[in-house]
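Chemist: Top to bottom, those sequences are chains A and B.
The first sequence: position 1 = 66 (our numbering), numbered continuously.
The second sequence: position 23 = 88 (our numbering), numbered continuously.
Just so you know, these hints were derived from the structure itself, not from any lab.
The beta carbon of each residue, even a glycine, is placed where N, CA and C say it ideally should be.
Misleading hints may appear alongside valid ones.
Unchecked claim - Looking from chain A toward chain B, a few residues come up when the C-beta cut is under 8 Å (computed):
#, residue
1, 95
2, 106
3, 109
4, 139
5, 146
6, 187
Number of protein chains: 2
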Amino acid sequence: MIELQPIGKIISPYLEKAGTPIQMTGSETAGKIEIFKEYQEGLRDLEGFSTLIVLYQFHRIKETSLEVVPFLDDVTHGIFATRSPARPNRIGISILELMYIEDNMLHVKNLDVLDGAPVLDIKPYVSAFDSIENTRNGWLDKRLKDSDFKKDDGRFN
Amino acid sequence: MIELQPIGKIISPYLEKAGTPIQMTGSETAGKIEIFKEYQEGLRDLEGFSTLIVLYQFHRIKETSLEVVPFLDDVTHGIFATRSPARPNRIGISILELMYIEDNMLHVKNLDVLDGAPVLDIKPYVSAFDSIENTRNGWLDKRLKDSDFKKDDGRFN
């Protein structure tokens with residue numbers, strides 16, 4: 066058993082799962098990440114980075130499953146072959162654009178996270194380490210061109 | 066408090082922190098991720114993806130700090146402006162190349178993780194979602210060209 070303490074929380078216009086963008090591409094939504102005061106010292110020099118990796122908990126997910134029909138398909142896949150939230154440990158990753166920092170509040174763009182999600186970590190996204198081009202994307206490759214799948218339809222509870 | 070259960074563990078040639086590559090760039094190291102049998106069903110269709118996001122615990126870190134001197138610099142920065150392992154919640158992210166899957170064993174390349182690290186999640190890395198180019202990288206920008214910083218020197222305990 067591994068025990069974590071949230072370091073902050075997401076402040077988002079998305080209050081319900083249905084309607085929340087399912088990936089950061091295409092979302093221009095602005096929002097905030099509140100870092101709890103006791104961790105604020107850890108933000109020093111973060112403002113120099115344009116892009117953040119944010120780890121948070123899918124806190125509204127009550128059930129997990131090892132096989133799911135992901136938003137981007139209509140047949141089942143193993144949960145680890147998807148980005149579905151209904152996964153063991155329920156950790157989400159979002160890559161967000163950092164606009165500016167005001168005290169303990171990060172102002173971000175491209176938000177695709179539900180309001181109130183507990184934040185577990187913030188790391189700088191660095192193209193030299195994190196940008197991989199031309200990945201092979203299994204079942205997803207034939208779906209990526211399909212524009213019908215852009216928002217959470219509320220299928221995961 | 067958020068409680069997690071490891072879904073597997075890293076099998077790596079790196080047995081000690083000192084000498085472990087500090088980022089995936091430049092590491093060609095092969096290793097394995099053992100997914101525990103009870104989660105194996107979740108791996109279905111993962112083999113179609115070339116690249117994985119692996120979340121794990123920095124299990125050998127005993128102390129965390131909000132300000133650190135990261136491997137890539139010689140002055141302190143806030144922990145969230147670094148990828149240092151000595152962070153709250155001690156979650157690491159590695160982007161690994163998936164070679165093949167044999168039952169519950171993922172054979173991967175570019176490994177930069179210590180042997181025995183508990184694995185928390187596996188997600189497909191998808192260029193269309195996850196590849197961001199030309200990030201602005203704060204204090205790190207002037208260090209990225211410096212080739213003297215490639216391995217853990219054992220500074221974090």
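Chemist: Which hints from the list above does the structure break, by number from lowest to highest?
Modeler: Numbers 1 and 4, in rising order.
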